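Student: Going line by line, the protein sequences match chains A and B. With the working numbering, the residue at position 309 of the first sequence is 398, and numbering never jumps. With the working numbering, the residue at position 267 of the second sequence is 276, and numbering never jumps.
Because the hints were derived from the structure by calculation, they are not lab data. Just so we're clear, the structure is a prediction, and the values are computed from it rather than from any experiment. There may be inaccurate statements among the hints.
[Said to hold, decoys possible] Covered stretches of chain B (in silico footprint by chain A; criterion: 3 or more residues with CB under 8 angstroms from a CB of chain A, positions within the stretch not fixed):
1) 80-91
2) 183-196
3) 249-260
All C-beta atoms, glycine included, are put in the ideal place defined by N, C-alpha and C.
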Amino acid sequence: MSSFTMVKALNEALRKELEADPKTLVMGEDVGRLGGVFRVTDGLHKDFGEDRVIDTPLAESGIVGTAIGLALRGYRPVVEIQFDGFVYPAFDQIVSQLAKMHARALGHVKLPVTVRIPYAGGIGAVEHHSESHEAYFAHTAGLKVVTPSNPVDAYWMLRQAVRCDDPVIFLEPKRRYWDKAELDPNAAGAPSRLHDARVAREGRDATLIAYGPMVKVCLDAAAAAEEDGRSLEVVDLRSLSPLDFDTVTASVQRTGRAVVVHEAPVFMGMGAELAARITERCFYALEAPVLRVGGYFAPYPPSRVEETFLPDLDRVLDAVDRSLAF
Amino acid sequence: MSPRRAAAAAAGVRGAAGVRDEAVQVHERAARGRTVQREQGVQREQAVQEQAVQERAAPDGGGGRAAHRRDLLRRMLLVRRFEERCVELYSAGEVRGFVHLCIGEEAVPVGVLEALTSDDAVVSTYREHGHALARGIPAESVMAEMLGRVTGCSRGRGGSMHLFDASRRFYGGHAIVAGGLPVAAGLALADRMRGDERVTCCFFGDGAMAEGEFHETANLAALWGLPLVLACENNLYAMGTPLAREHAVTDLALRAASYGMAAWPVDGMDVLAVEKAARRAAGAVRAGGGPHFLELRTYRFRAHSMYDPDRYRERSEIERWKARDPLRVLGDRMRAEDGFGDEDLDALERDVAAELDRAVERARAAGEEPVEDLLRFVTGPPREGP
Ligand SMILES: Cc1ncc(C[n+]2csc(CCOP(=O)(O)OP(=O)(O)O)c2C)c(N)n1
Ligand SMILES: [Mg+2]
Numbered sequence: 090m091s092s093f094t095m096v097k098a099l100n101e102a103l104r105k106e107l108e109a110d111p112k113t114l115v116m117g118e119d120v121g122r123l124g125g126v127f128r129v130t131d132g133l134h135k136d137f138g139e140d141r142v143i144d145t146p147l148a149e150s151g152i153v154g155t156a157i158g159l160a161l162r163g164y165r166p167v168v169e170i171q172f173d174g175f176v177y178p179a180f181d182q183i184v185s186q187l188a189k190m191h192a193r194a195l196g197h198v199k200l201p202v203t204v205r206i207p208y209a210g211g212i213g214a215v216e217h218h219s220e221s222h223e224a225y226f227a228h229t230a231g232l233k234v235v236t237p238s239n240p241v242d243a244y245w246m247l248r249q250a251v252r253c254d255d256p257v258i259f260l261e262p263k264r265r266y267w268d269k270a271e272l273d274p275n276a277a278g279a280p281s282r283l284h285d286a287r288v289a290r291e292g293r294d295a296t297l298i299a300y301g302p303m304v305k306v307c308l309d310a311a312a313a314a315e316e317d318g319r320s321l322e323v324v325d326l327r328s329l330s331p332l333d334f335d336t337v338t339a340s341v342q343r344t345g346r347a348v349v350v351h352e353a354p355v356f357m358g359m360g361a362e363l364a365a366r367i368t369e370r371c372f373y374a375l376e377a378p379v380l381r382v383g384g385y386f387a388p389y390p391p392s393r394v395e396e397t398f399l400p401d402l403d404r405v406l407d408a409v410d411r412s413l414a415f
Numbered sequence: 010m011s012p013r014r015a016a017a018a019a020a021g022v023r024g025a026a027g028v029r030d031e032a033v034q035v036h037e038r039a040a041r042g043r044t045v046q047r048e049q050g051v052q053r054e055q056a057v058q059e060q061a062v063q064e065r066a067a068p069d070g071g072g073g074r075a076a077h078r079r080d081l082l083r084r085m086l087l088v089r090r091f092e093e094r095c096v097e098l099y100s101a102g103e104v105r106g107f108v109h110l111c112i113g114e115e116a117v118p119v120g121v122l123e124a125l126t127s128d129d130a131v132v133s134t135y136r137e138h139g140h141a142l143a144r145g146i147p148a149e150s151v152m153a154e155m156l157g158r159v160t161g162c163s164r165g166r167g168g169s170m171h172l173f174d175a176s177r178r179f180y181g182g183h184a185i186v187a188g189g190l191p192v193a194a195g196l197a198l199a200d201r202m203r204g205d206e207r208v209t210c211c212f213f214g215d216g217a218m219a220e221g222e223f224h225e226t227a228n229l230a231a232l233w234g235l236p237l238v239l240a241c242e243n244n245l246y247a248m249g250t251p252l253a254r255e256h257a258v259t260d261l262a263l264r265a266a267s268y269g270m271a272a273w274p275v276d277g278m279d280v281l282a283v284e285k286a287a288r289r290a291a292g293a294v295r296a297g298g299g300p301h302f303l304e305l306r307t308y309r310f311r312a313h314s315m316y317d318p319d320r321y322r323e324r325s326e327i328e329r330w331k332a333r334d335p336l337r338v339l340g341d342r343m344r345a346e347d348g349f350g351d352e353d354l355d356a357l358e359r360d361v362a363a364e365l366d367r368a369v370e371r372a373r374a375a376g377e378e379p380v381e382d383l384l385r386f387v388t389g390p391p392r393e394g395p
């Protein structure tokens, strides 16, 4: 056991996978000699060489498309998109090619491509550098979409994503990059499977459902609520597609109340799907409508108002109050 | 069936060798065309340079010439000192978000935009303080934007990378590399459709030329003969990646020429050379000559951004380029030819400093956009349909 930031945990996961399989590759803009903008690939170029840790030109569409071709021939590329907003030039390759090819080939080809994307806000970056675009990807059949909330999950989930034979959009909450946790990278196996949700904190009165950057906010909210005598359960979804509805439903059946929290705009966000499913599955257990806390339907704001813009403890607890008052 | 296919069919089935021969011929023709275009570009540039040399050799280019150069120097100085203030304000935590400086590259924005009129349009990048200031957006407006104030050209929402001033036909600041290029093509197409004799100038970096959007735009612009100046700021690096690891063909003007447009390299550290080249290009574009591409060879003295540790370049390389600091290149010429002296430079410095003091002071005094307003302008007011 030693202390890892999320960045270090991701770096270690890539190292382990590069060691484990000579067909595993890392590619992206300045991921090699420079070690990546967030230094997630630091040192890998030196240790694994330029044929396995590949610096590419500025060409997101080309990078993802090339990764697809490599995957078709048995390689396992891990692509880095430097910032969330830069994935859009590659959107065509992701949605039209990467997501569809397995079905098009009637399962005869595998697409083990991992697309790592630092996403969401909270670090004083601006528009195009703070996007929460998970719903676009989750809305696309053929893609798996996952997002860790802490260093331990980041480590194991990235390793599992690289091993996965389907394309995985791996969303890294950049405001949690420097959070630390104890991790044993040589443990025998992962604590959970890639697409399982996890109860991050147990509680009785209401369930907070979150993922990625908002899990910590919800855990803090639950701790604060406890001082007021309220017991909140926190579910960390971890995987957005497929979604582990069983874990979610089991929790809401127990608590009778649910609040979904994400940074992305509430309108047409993950919360909409969750609210609908929870209502379908837990209708008779619900004491209140499923509430959603999320971003506003506007472009990401300048950093000075970021704190107001992003859902925080107060907004979460306010929704909990409204749910309990029902 | 297309006419070509029909002709081929009429000519009977050809063997693979015939097809190959034709492909080779087409390729050779294209290569010849490129060479010719390139030579033309180079000749043109040489002619311009010679003309400049002759003008310089003239005993006195007239008071006009000296005043013009002084004006160019002042503008470059404004950009340089503006950005130095930004660094100070960034360190003090007053400027937030990302900041990309063009220190070392000032001759490009100042020289290129000197050749345009206020009716022409400009599309820029995230390294656009110089473009915005050279465009004539007041330093106060840009500074207020840097400080996130409501008096900024984008109400303090855009910050360093998203300066925007439609009233001055400055269509952004674009944080997405190459994202502005197709937009510029559209602006140019609109001008042509409306019969306006306007030029659109799009700035972008060497790195942007690897993006698909550059290639789509170059082809569209050449195919449709759009009134577009493509101003490539070749500073030899895309973040940490040097040109040679970014491009198979590092002769960027040559590549642009392959799309069927005039293209030539320009000394981007010499503002007079930049201005001449831009006048030549804009003039030809305005006269209906279709898109023109300028490869402006320049260098950023600072790191890519405030976060970049800048470990991918030799210090000696930076020093070599600093010896050709565009402020010094022009200043030296003015000293040699226009009797420009230290007192003149001091006067310019004082003038610029006063303008920036005022800009910072006024910006600081201005308020911030209320948070509730962030939902404004996301979409426009409803419009009656049929
Ligand atoms: C689509 C996209 N990909 C990546 C980036 C990150 N990025 C910002 S600037 C830059 C380098 C661009 O180099 P160049 O075009 O040469 O312009 P310069 O920064 O040298 O002025 C990169 C990779 C981005 N902003 N947009
Ligand atoms: Mg560059």
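Student: Next, verify each hint and record whether it holds.
Tutor: Results for each hint:
1. Counting residues of the stretch 80-91 of chain B whose beta carbon lies closer than 8 angstroms to any beta carbon of chain A gives 0, which falls below the threshold of three, so the coverage claim is violated.
2. Chain A is given as covering the stretch 183-196 of chain B, and this holds because 4 residues of the stretch bring a CB closer than 8 angstroms to a CB of that chain, at least three being needed.
3. Figure legend: the stretch 249-260 of chain B, annotated as covered by chain A; annotation consistent (5 residues with Cβ-Cβ distances under 8 angstroms, at least 3 required).
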